[in-house]
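*Asks:* So you can see what is in the structure, the chains are spelled out below.
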Amino acid sequence: MVFFFQNLVNALQWGSFYAMIALGYSMVYSILMLFNFAHGDIFMVGAYIGFGVATALVTLSASGFLALPGWMILVLTILLSMFLTSFVGMIVERVGYRPLRDAPRASAAITGLMIGIMLETGNLILLGARRVSFPPLIESVTYNVGGVFVTNKKIMIVLISLGFMLALHLFVQKTRYGMAMRAMAFDYVVVPLLGIPINTIARLTFAIGSALAAVAGILFGLAYPVLDPYMGIVFGWKAFVAAILGGRGSIMGATLAGFLMGFIEIFVAMVFPSTLRDLIAYSIILLILVFRPHGFFGEPYSARLRL
Amino acid sequence: MALLEIRHMTHYFGGLRAVHDYNLDIEPGQVRGLIGPNGAGKTTIFNLITGIHRPGEGRILLDGEELVGRQPHEIAARGLGRTFQDLRLWRHMTVLDHVKMARYSKIGYGLVGAFFSTPRRNREEAQIEEKARELLEMMNISHLADQMVPNLPYGAQRRVEMARALSTEPKILFLDEPTAGMNPEELIQMMGIIRRVREQLGLAIFLIEHRLKMVMELCEIIQTLVFGEVIAEGPPDDIKNNPAVIEAYLGKEIVE
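As given, the protein sequences belong to chains U and F, one line each in that order. Each number in the working numbering corresponds to the 1-based position in the first sequence with 14 added. Each number in the working numbering corresponds to the 1-based position in the second sequence with 234 added.
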């Protein structure tokens, strides 16, 4: 039982990463009917930006010029990195997606792949092939709760992720921007005729998705402090699977699917040899899709209208 | 100067001349009609004015300001609201959400307000809700506010669409066949609503319609469009008795 709870804690943390990245895929898909395949690499860029910001703040703090406690550095790192990474997303939208919005789907789909490769190699050129390590920022404290070992970082990662997911949910449900996003998800023609600038909304969607990916990148860096330029690929693909599994453009779905995938992976690894983890985990997910081809919250038909 | 002024608007789709030398003046509070056989180019004219297509030639002035070349959302925000022949509603949103959403361009709070839920956002969102409910009241569908649109009868869906168009606070409301597919009872109700909208909100209305009885009763001036050209323009009685119109379009109806 203790073993189970130990893995549950790990699964929650792992699921947080998937869910946070899956949200970005899902949001972009819902309004543009396109998957932004560069999103995994935006997660990577976010982690690196977080690394840069955190390192700078730590250095600044150590120099005595601006002595900040670790938690304050973490908060500042998250906020600044979200801000900076959102621009990466907006540039990707402007350069890669807007000019191709009416292009054949396949062309628009590969722009993401190409931009992803550009971001990876760009990072290699900029920082070289070495791996970098994320500064620890906060001291690790381990609590023993009835035999289950929980670190303060794991708790923090799960809570911060849930906090941002809730904030996103409120944003989408309760603000004029969120409403415009929801409307745009179903119709491209009517929405501008109601006075809503669709380019602005598309840009905003990319910005928010990228900012969330940056948070995921920083939290990942806290838990697994070694970053490399290709870290976004596998994560990106898995989060993409989560976005589909959650159902078309559903925030709730992407969140649940992200956590579910974390659970499946961790619990498969608990029972089977870890080399078989992904093979078995993704067989299970494939099986779920066979029975629910539209994902958890997807709809069995598409009603996108176009003139 | 008229509220909306269109001069020499001409548009081609490939080699096909869809609209030729179209002119229009709409005065504040005026109700105008556009009739013509299927394929005459009526909806195209709406699409050209509201910015879905950019006219090849001609000028469109709203309050003296050029609209040609502007984005559809800018044109809508400046005061042109419209409905569609085929209802374009969102099946995943409630009636109230439809109407609230359309106020986007009338709201001032920005991203900071949205992210941090400032007092200004809260105040404005409350106003949006109040305005939206007023419009639903005017359309007699306030009891359906929280329903999802696909659950509503057709006549009610038409009213949702009208409320949504009004929610953008247009100076001119463009109605593309507002009674298409309606039964006689729904038709009478819709005419009542159009009259009420005009009286209470004082806005101009430009409508495309196939039901001549309705156009003749509601409109002050009617244009008849055939193959993209206006062949007659005038008050209902003139249109009714115009030989060219009778030949092109009205023939059978008049005999009846």
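By construction, these hints were calculated from the structure, which means they are not laboratory data. All values derive from a computational prediction rather than experimental measurement. Be a bit skeptical, because a hint or two may be false.
In silico EDC-like links for lysine to aspartate or glutamate, alpha-carbon gap of 16 Å or less [stated by the list, open to error]:
#1 F/Lys447 <-> F/Asp472
#2 F/Lys447 <-> F/Glu463
#3 F/Lys405 <-> F/Asp472
#4 U/Lys188 <-> F/Glu433
#5 U/Lys188 <-> F/Glu364
#6 F/Lys405 <-> F/Glu363
#7 U/Lys188 <-> F/Glu359
#8 U/Lys188 <-> F/Glu363
*Asks:* Each hint: holds or not?
*Replies:* Each hint, compared with the structure:
no. : hint                  : verdict
1   : F/Lys447 <-> F/Asp472 : holds (14 Å)
2   : F/Lys447 <-> F/Glu463 : violated (22 Å)
3   : F/Lys405 <-> F/Asp472 : violated (27 Å)
4   : U/Lys188 <-> F/Glu433 : violated (33 Å)
5   : U/Lys188 <-> F/Glu364 : holds (15 Å)
6   : F/Lys405 <-> F/Glu363 : violated (21 Å)
7   : U/Lys188 <-> F/Glu359 : holds (8 Å)
8   : U/Lys188 <-> F/Glu363 : holds (11 Å)
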